[in-house]
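Engineer: Letter by letter, the chains look like this.
Number of protein chains: 2
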Amino acid sequence: MKVRNILGERFKEAPKDCTIASHAFMVRGGYMRYMCNGIYSLYTPGKRIMQKIEAIIRDEMNKIDGQEVMFPVVMPASIWEESGRYTSIGSEMVRFDDRSGNKTVLGMTHEEAAVHLARDIANSYTDYPFMIYQIQTKFRDEPRARGGLIRVREFTMKDAYSFHTSMEDLQKYYMRCHKAYENIYKRVGAKNVISVSSDSGMMGGSVSHEFMLLSDIGEDSIAICPECGYKANMEAAECITVNPAGEMAELKKVHTPDTKTIEALSDFLHIKENELCKAVVYQKNLTDEYVIVFIRGDLEVNETKLRNLLGEEIHPAAEITEESGIVAGFIGPVNSKAKAVMIFDKSLIGMQNMICGANELDYHYVGANLERDYNKNIEYADVAKIYDGAVCPCCKKPVITIKKGIEVGNIFQLGTKYTESMGMTYLDKDGKLQNPIMGCYGIGVGRLAASVCEESHDDYGPIWPITIAPWHVEICALRADNENVKFCADKLYDELIGKGIEVLYDDRDVRPGAMFADADLFGIPVRVVVSPKNLDKGVVEISLRDKSLKTEFSLETAVEDICKLVNDEFAKYTL
Amino acid sequence: MKVRNILGERFKEAPKDCTIASHAFMVRGGYMRYMCNGIYSLYTPGKRIMQKIEAIIRDEMNKIDGQEVMFPVVMPASIWEESGRYTSIGSEMVRFDDRSGNKTVLGMTHEEAAVHLARDIANSYTDYPFMIYQIQTKFRDEPRARGGLIRVREFTMKDAYSFHTSMEDLQKYYMRCHKAYENIYKRVGAKNVISVSSDSGMMGGSVSHEFMLLSDIGEDSIAICPECGYKANMEAAECITVNPAGEMAELKKVHTPDTKTIEALSDFLHIKENELCKAVVYQKNLTDEYVIVFIRGDLEVNETKLRNLLGEEIHPAAEITEESGIVAGFIGPVNSKAKAVMIFDKSLIGMQNMICGANELDYHYVGANLERDYNKNIEYADVAKIYDGAVCPCCKKPVITIKKGIEVGNIFQLGTKYTESMGMTYLDKDGKLQNPIMGCYGIGVGRLAASVCEESHDDYGPIWPITIAPWHVEICALRADNENVKFCADKLYDELIGKGIEVLYDDRDVRPGAMFADADLFGIPVRVVVSPKNLDKGVVEISLRDKSLKTEFSLETAVEDICKLVNDEFAKYTL
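First to last, the protein sequences are chains A and B. Numbering-wise (our numbering), the first sequence opens with residue 1 and increments by one. Numbering-wise (our numbering), the second sequence opens with residue 1 and increments by one.
Next comes chain A alone, as it looks inside the complex (with noise of 0.2 Å):
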């Protein structure tokens, strides 16, 4: 392909919006134009991205044992009503009546297409496992699609869904699936992508792994333990806190005006946070019903945990009423008259004397200590927020470091959700009918593309990896008005198409600068350089866009010491 042809435009300024590299670059290197709020077109480049780290999932998925199929984009709202997340899943899901009155639904997700697919077809244990993919456009109306690629609310994603007839079976299988995606990220060149256990929020499984590109722009964060190895997304990260032991002190109530906050309180009675119970109030979605949460004063609450506590939707407390019997400011656990759903987090658990709200305007309790106190059979849960320094769950080490991470894929053990409300069913060696086990798989294609590219980059463009480039090669001829430079990179260009190398051809009557930034901003692996000044030396200027090798080769032996360098390139992503 001749670069005077590609639709596209590059340049130089990175427009306002763009706040990361990959969505700069891919803008300014004529990847992708934006449409509308997390809408976008891809230009052939960024299609020939797509389309190769497709093949490289297809073919990891193969190799599972995997089978593609395809499912609709537009469903019936029928099939979801069965699953129960009709109503279940927010305004993310688009939602329309058809010309016929039908409720229908985008795809955002096919757990409840794949069940419709293999329902009524799998009826023996013989029919079991199988696994059913399909690469497909989705859509998911985001609050905030942001980052270009990273977060669209149009994207195409490779799922996958696995049925099972024993937990072991998924067991293994969701492994085999947990290698297959290592492949995967291996061979387009993503580096530093880490599994870690996670929540697994809407989709209802217990089990589940997120695989994260470790990366600053990244919106999840990961707790992670450098002695023992630790990974988790933080919502399943368990806090662990340990309080100090000591007498059981008197409880008391002190007179503590104008303290509603954990800063003033701590100020005015000259203590640490660690040393309060801090409540934070919440709501319920659906009933309005106040939820306080009881937690150590120098933690905060993961909300995410919270809901899964709770296996509903809550916002914290718009306004809290007076017949709520809730005192803001002021709220404890002793002598409360609130209306509402108490939670204790675990980081009470042995807490001694601590200090909470009387229940009373400006007035707190001191030596309060919940089980004299409040009640002997609380039952504490962890809804507290893992820390930078927090204790290891595993090793139990203090030592939890949190890094940042784009999520490029994740793993699920559903179990019998799906299999179960709508009804798919097998006949067992016995002769039972039993419920299939699932698993799902996903990877989201133009988010990995970004985060590639995120991770993979210099101050003037991206510098892809040969197996995910647009093209293997680019040559630059400089000068091609001259009429040797013309002839030799025409030459070129024709016998490495002829060796099946991608070729990029530049041959526009451009400054050697606007064609060195164009092709920085293409980011493809291997750059010829053919110009008068190589030419009357016999060789072409060879250079890798990561900077790590610049050479000439010789010019008769230029086609084949190319291939080589193709293929060392390419040997770097292979398993």
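No lab work stands behind these hints, which were simulated from the structure alone. Take the hints with a grain of salt, since some may be wrong.
The list treats identical chains as one, so a pair stands whether inside a single copy or across any two.
[What the hints assert, rightly or not] Calculated cross-link-like contacts (lysine-lysine; reagent style DSSO-like; alpha-carbon spacing at most 27 Å):
1. LYS2 <-> LYS172
2. LYS564 <-> LYS499
3. LYS499 <-> LYS47
4. LYS547 <-> LYS491
5. LYS47 <-> LYS63
6. LYS179 <-> LYS2
7. LYS272 <-> LYS397
8. LYS2 <-> LYS429
9. LYS47 <-> LYS16
10. LYS63 <-> LYS2
11. LYS63 <-> LYS486
12. LYS172 <-> LYS432
13. LYS103 <-> LYS16
14. LYS253 <-> LYS339
15. LYS491 <-> LYS63
16. LYS337 <-> LYS260
17. LYS172 <-> LYS429
Given the coordinates of chain A, work out where chain B should sit on it, guided by the hints.
Structural biologist: Relative to the frame of chain A, chain B by itself:
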């Protein structure tokens, strides 16, 4: 792939709603599954056929310098408002508000997206011509989805858009694309495809062609001249009529009680239908204004021609009000007081002494001559439906034949409709601002698959051309419990795969009859039967699905011989 592992069921009885062969076989053969009206999921065999057709289309599009891009499925209404189609397209376009209340549509075609992608980028005449295409999911809320993949609501389509600086350049490219389409049909094994000039409908162009696969189950009718080769869509075929010359008679009003229909009137007056002037009444959709078409009594109105003539949507008049001045059953052009647009079909040219309504209950005129009795300067239009035996517009012989066809592709010369309305411009050689001229080119992938099946099947299943068959070779191991059978079949399977052949392998413990019935439904071109009886003779049994070959290959040379057979099959579809 082993048959035992494929998700999908094959069965004997066609579901009741399957009225055509391709639909029945693709459901019975486990290619696809109905989800709701016009929406299907595809199993692996169906998906593989689609992918092969897509690869052939992609290759042909790349050969004519197409650049593969990707447009969104979900689009903001704004770009459709720019082109004017947000209002002009009816309820087949899905419209909804996104969570932020923005008007949003589902893409059913992508002219707007193509202009959006290219405008501001292709600013200079030196950037032209170029062609961009995608292969993507589309959704049209069809009122009458039918025939399995023949007419669905959600479908995969290749749509291409070319941009030019002159009509000559567009026409040159249009012919290249026409040739590429012929190549595609040849390569996918669609035999009876003809291209016909067509009405370009809502696309808004002037010159266009439809590619029709001739088939009795087709919904489209095509006028074909067996003498000169003229071919046209019914909407594009001019209806030519000749009226006998004679002496002008006197205009007389006659009493014709109870003769509201053409039949009744011709019976009553003992005349032929072609001596009558028939009136057909329509209403404009937007304004309810009446439109009266006068046409020779033996002809029918082609509503698409009428729609194109008026430039707006119409429907047969639901009821005729008194104040319209229209006297139903007795409508005629002479002395009419009707408040209506009057259209005169060309079939009335030169018609002498005709009988027409007298615009008075129970009265007709005889001896009417339009140019004497109505108006000297009537503008006649072609709104009549061409018919079997009509005069060929090209060679003028009365031999037109009407055939049925399935539209498997279409190409349009769009002109500047979209570039003008959406403000896409470039600077020409003289520094003047111009709108580029567009062409667009579509193929529905699923419909093409189903059409090939429609054309290529027997009583037992599809006969897939090897270029699009889900696999090249099927090995049927009869008595796989026999050690020798299993050993030889396994070996053959592994060796053929090693040679790059796609093999489906049936080693299930089922009766030969059931295995062969399934194989017929899979429709794989080359079948290899490994059985104890054959192995005793040192051979495997070979047959082609189309029954053109049944032979035996020696075990020693079977792999090579099968590879050769596969190559021979491919050669049949090579350009």
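Engineer: Could you place LYS47 and LYS63 in one of the four classes (within, between, both, neither) given a Cα distance threshold of 27 Å?
Structural biologist: both (24 Å within a copy, 17 Å between copies)
Engineer: Since the copies are identical, ignore which copy is meant and state whether LYS179 and LYS2 lie within 27 Å (CA to CA) inside a copy, between copies, both or neither.
Structural biologist: Answer is between: at 24 Å across copies they meet the 27 Å cutoff, but 39 Å inside does not.
Engineer: Should LYS253 paired with LYS339 be assigned to within, between, both, or neither, using CA atoms and 27 Å as the limit?
Structural biologist: within (22 Å within a copy, 93 Å between copies)
Engineer: Classify it for me, LYS337 with LYS260: is the Cα-Cα distance of at most 27 Å met within a copy, between copies, both or neither?
Structural biologist: Result: close within a single copy only, 18 Å intra versus 87 Å inter.
Engineer: Checking LYS272 and LYS397: alpha-carbon separation at most 27 Å within a copy, between copies, both or neither?
Structural biologist: Within. Shortest intra-copy distance 23 Å satisfies the 27 Å Cα cut-off; inter-copy 103 Å does not.
Engineer: If the cut is 27 Å between Cα atoms, do LYS547 and LYS491 qualify within a copy, between copies, both or neither?
Structural biologist: Within one copy only: 26 Å inside a chain, 48 Å across chains, cut-off 27 Å.
Engineer: Could you place LYS103 and LYS16 in one of the four classes (within, between, both, neither) given a Cα distance threshold of 27 Å?
Structural biologist: Between copies, since 25 Å is at most 27 Å while 40 Å is not.
Engineer: Taking 27 Å as the upper bound on the Cα-Cα distance, should LYS63 and LYS486 be classified as within, between, both, or neither?
Structural biologist: between (45 Å within a copy, 23 Å between copies)
Engineer: Using 27 Å as the alpha-carbon threshold, which applies to LYS499 and LYS47: within, between, both, or neither?
Structural biologist: Close inside one copy (23 Å), not across copies (31 Å); limit 27 Å.
Engineer: Is it within, between, both, or neither for LYS63 and LYS2, if the alpha carbons may be no more than 27 Å apart?
Structural biologist: between (35 Å within a copy, 14 Å between copies)
Engineer: From the Cα coordinates, with 27 Å as the cut-off, is the pair LYS172 and LYS432 best called within, between, both, or neither?
Structural biologist: Only inside one copy: LYS172 and LYS432 sit 23 Å apart there, 67 Å across copies, limit 27 Å.
Engineer: With identical chains treated as interchangeable, where does the CA-CA distance between LYS2 and LYS429 reach 27 Å or less: within a copy, between copies, both, or neither?
Structural biologist: Between copies only: 22 Å across chains, 61 Å inside a chain, cut-off 27 Å.
Checked against the numbered hints listed earlier, the structure breaks none of them; every hint is satisfied.
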